[in-house]
Amino acid sequence: MHAARNLRLCTKDCVCLFICPTGATNTETGQIDFDKCLDGCRLCVDACPSGAIYLVSSTYPAPQPKHPSVLETLYSLVRSKAAQEDVAHSVKEGSDDAALRQICTVVETSSRIIAEDLWRESGYIIAQSEATRALLKAMISEHGTMEGFPRTEVEELLSRLS
Amino acid sequence: MDADVRQMTWTELAALCTNLEKACTKQLKEEEARAFASLASFYASKRKAQGDASLDDLLALIEADLSTGYRSANEAANYADDRGAKRALLWGEKATKLLKSLLARYAKQKEALTADTGVFVCEICGFVYVGQQPPEVCPICKVPSFKIHEVKKEAI
Ligand code: SF4
Ligand code: SF4
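Order-wise, the sequence lines are chains D and V.
First residue of the first sequence: 1, per my numbering; consecutive thereafter.
First residue of the second sequence: 1, per my numbering; consecutive thereafter.
Treat the hints with care, since some could be wrong.
What the hints assert, rightly or not - Straight-line C-alpha distance at most 25 Å; calculated PhoX-like pairs for lysine-lysine:
(1) V:K26 - D:K36
(2) V:K100 - V:K110
(3) V:K153 - V:K97
(4) V:K108 - V:K152
(5) D:K137 - V:K26
(6) D:K137 - V:K22
(7) D:K12 - V:K26
(8) V:K26 - V:K48
(9) V:K108 - V:K97
(10) V:K46 - D:K137
(11) V:K110 - V:K142
(12) V:K26 - V:K108
(13) V:K22 - V:K152
(14) V:K147 - D:K12
(15) V:K22 - V:K147
(16) V:K97 - V:K142
(17) V:K26 - V:K100
(18) V:K153 - V:K100
As the list claims (entries may be wrong) - Derived coverage of chain V by chain D (criterion: at least 3 residues anywhere in the stretch with Cβ under 8 Å from a Cβ of chain D; other residues may be distant):
(19) 71 to 84
(20) 120 to 133
Claimed, not checked - Quick partial rundown of chain D residues pointing at chain V, CB under 8 Å, derived from the structure:
(21) D33
(22) D35
(23) D39
(24) V70
(25) L74
(26) S80
(27) Q84
(28) V87
(29) Q102
(30) I114
(31) E116
(32) Y124
(33) G144
(34) G148
Just so you know, these hints were derived from the structure itself, not from any lab.
By construction, the Cβ of each residue, glycine as well, lies at the ideal position given by its N, Cα and C atoms.
Put together the whole structure using the sequences plus the hints.
So, in structure tokens, the structure goes:
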């Protein structure tokens with residue numbers, strides 16, 4: 001567990017700088033130095049007058065179980081949203097009309113956000129889960145030898161997540 | 001319940017990866033987020049543009065979601081009393097209706113639709129807004145307007 005700052009709320013001038021026993025709150029980036037932060041200390045979290053500091057956990061519970069018919073119907077929608085993004089992308093690639101391209105970008109962006117949210121509700125709400133590890137392993141075994149697959153990065157990611 | 005990557009399209013995989021990228025960013029896990037971003041761009045690079053695609057195809061897909069896709073998913077979510085799924089479906093269906101209306105308006109007005117005005121998308125729920133200034137709070141998911149971004153016309 002470590003403390004983190006919400007940079008939109010922090011006024012950059014006060015008590016966390018005085019109270020932190022390790023100097024972790026005083027950095028050139030404005031963010032807390034996570035490596036210097038003491039696990040479970042939370043002195044700055046309680047002291048901040050702006051409610052700008054929170055704790056980031058290092059362990060998470062397994063995602064909520066999902067009913068098979070929920071998974072199935074959400075996945076159909078993911079499929080459809082991804083197809084919409086693809087069509088919008090193709091129309092955009094085939095046109096040099098700036099207004100049409102703008103509309104296509106809006107559809108691509110919005111469809112992607114909707115698809116991501118559907119995935120989120122399909123058991124992929126966090127990366128530290130059995131489902132995500134199984135997914136990454138399947139990606140390596142199915143696509144790992146294809147040109148451009150970021151294999152080393154994915155293998156490192158898997159070891160960080162386990 | 002593991003998804004079968006063999007049956008998924010490149011864009012489905014890309015969206016799964018950008019979702020997990022965002023989840024890592026929220027936990028301030030930059031390296032993990034970067035790895036998911038690399039995977040997402042790999043999958044995005046695999047897809048090929050279809051030369052005969054049209055806005056009518058797009059509208060047909062959107063209409064199918066609104067007539068059947070969301071209905072079946074809502075029935076399943078209600079049956080399972082899955083409030084997380086109900087939330088995502090409520091937001092997604094509203095945003096999908098706005099996409100349908102955007103396409104219908106574009107079909108009538110063409111470039112006049114966005115000639116003197118901006119177009120904005122909410123990064124949380126996909127809410128779409130045509131106007132000068134986005135609302136202070138997203139009408140669908142209620143996030144503050146700093147999460148609602150303008151999509152500009154790009155020069156080619
Ligand atoms: S105490 Fe809170 S508001 Fe003050 S500098 Fe620290 S984080 Fe910012
Ligand atoms: S939790 Fe403690 S060690 Fe960590 S930044 Fe805050 S005051 Fe410093």
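| request: Quickly compare the C-alpha distance for K108 of chain V and K97 of chain V to 25 Å and report which way the hint goes. | output: Holds. K108 of chain V to K97 of chain V sits at ~17 Å (cutoff 25 Å).
| message | Given D39 of chain D as an interface hint, is its Cβ closer than 8 Å to any Cβ of chain V? | response | Interface hint status for D39 of chain D: violated (15 Å vs cutoff 8 Å).
| task | Double-check Q102 of chain D for me: the hint is only fine if its C-beta lies closer than 8 Å to a C-beta in chain V. | result | 5 Å, holds
| field | Straight-line alpha-carbon gap K137 of chain D to K26 of chain V, limit 25 Å | value | 23 Å, holds
| request: Measure nothing beyond the straight line between the CA atoms of K108 of chain V and K152 of chain V; if it is 25 Å or shorter, mark the hint as holding. | output: Holds, because 21 Å separates the two Cα atoms, which is no more than 25 Å.
| Are three or more residues of the stretch 71 to 84 of chain V within 8 Å, CB to CB, of chain D? | Result for this restraint: holds, n = 9.
| Is the hint on L74 of chain D kept, meaning its closest Cβ partner in chain V is under 8 Å away? | 6 Å, holds
| query | Would the hint on Q84 of chain D stand, with a C-beta cut-off of 8 Å toward chain V? | reply | Holds. Min distance 5 Å.
| query | Is the interface hint for E116 of chain D satisfied, with its Cβ closer than 8 Å to some Cβ of chain V? | reply | Hint on E116 of chain D: holds, closest Cβ of chain V at ~4 Å, below 8 Å.
| field | Agreement of K46 of chain V and K137 of chain D with the hint, judged by alpha carbon distance not exceeding 25 Å | value | Since the Cα atoms of K46 of chain V and K137 of chain D sit roughly 19 Å apart, the hinted pair holds (cutoff 25 Å).
| query | When the nearest CB of chain V is found for S80 of chain D, is that gap smaller than 8 Å? | reply | OK, holds: S80 of chain D within 8 Å of chain V, min 5 Å.
| field | 25 Å limit on alpha-carbon distance, applied to hinted pair K97 of chain V and K142 of chain V | value | 17 Å, holds
In terms of the numbered hints stated before, the structure departs from hints 8, 11, 12, 17, 21, 22, 23 and 33, listed from lowest to highest.
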